[in-house]
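Based on the provided sequences and hints, a complete structural model is requested.
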Amino acid sequence: QKEVEQNSGPLSVPEGAIASLNCTYSDRVSQSFFWYRQYSGKSPELIMSIYSNGDKEDGRFTAQLNKASQYVSLLIRDSQPSDSATYLCAVIDGYSGGGADGLTFGKGTHLIIQP
Amino acid sequence: SAVISQKPSRDICQRGTSLTIQCQVDSQVTMMFWYRQQPGQSLTLIATANQGSEATYESGFVIDKFPISRPNLTFSTLTVSNMSPEDSSIYLCSARLGAWAYNEQFFGPGTRLTVL
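Chains as they are written, first to last, in the working numbering: chain D, 1 to 115; chain S, 1 to 116.
Derived from the structure by calculation, the hints contain no laboratory data.
The beta-carbon is built from N, C-alpha and C at its ideal position, and this holds for glycine as well.
Facing chain D, according to a computed beta carbon distance under 8 Å, are these residues of chain S, among others: (1) Leu45; (2) Thr48; (3) Ala101; (4) Tyr102; (5) Glu104; (6) Gln105; (7) Phe107; (8) Gly108.
Lysine-lysine pairs mimicking BS3-like chemistry, simulated, CA-CA at most 25 Å apart: (9) S:Lys65 to D:Lys2; (10) D:Lys42 to D:Lys107; (11) D:Lys107 to D:Lys56; (12) D:Lys67 to D:Lys107; (13) D:Lys67 to D:Lys56; (14) D:Lys42 to S:Lys7.
Some chain S residues close to chain D (C-beta under 8 Å, calculated; not the full set): (15) Phe33; (16) Ser42; (17) Leu43; (18) Phe106; (19) Gly110.
Okay, here's the thing in structure tokens:
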């Protein structure tokens with residue numbers, strides 16, 4: 001049974017600081033990783049995907065992947081109150097070939113950015 | 001990205017009845033999926049909606065309870081059959097734009113179901 005672990009929080013970060021969200025996964029076969037943001041009452045919104053070891057940056061967001069440690073993280077720089085949401089980590093098997101696999105989600109981390 | 005719409009957005013149903021949820025994507029997509037998000041919980045994959053063949057269900061979900069159709073590359077339906085209060089949840093349709101596992105998946109707005 002594939003497991004994705006996240007600290008449920010809440011994680012409270014002052015405005016303008018860096019928010020660091022962490023995720024670990026149990027299945028070494030997992031190859032592709034996604035971070036979603038979910039506001040209360042809304043559906044998940046894709047922030048970033050990553051499948052290679054190292055860092056991937058997109059604007060204020062940086063995803064970090066370490067497959068040896070089975071660890072993926074999301075950094076949010078210059079945190080804004082609008083970043084307050086639940087952040088979901090999701091994993092999928094396979095790098096190529098697709099297949100029918102959907103995503104396995106963690107329980108999410110509730111992030112609060114304090115003005 | 002893809003724009004995904006779902007109908008209905010919400011419904012209140014009686015125990016023992018069935019509800020069919022529709023999902024429409026604004027472009028042809030390779031993969032479509034159905035997820036459930038129970039109150040205060042994360043998302044759980046129900047099944048992969050396969051175009052032209054039977055859906056592939058995850059452990060704990062069966063076709064008799066959650067029949068799924070996918071007649072073409074832009075549309076799918078999920079039926080929640082013989083409902084009980086435990087089926088009260090948000091049901092989300094998702095689409096993956098490409099055939100590769102690393103292709104991004106996008107979600108529809110969800111259908112909020114309450115069973116009395």
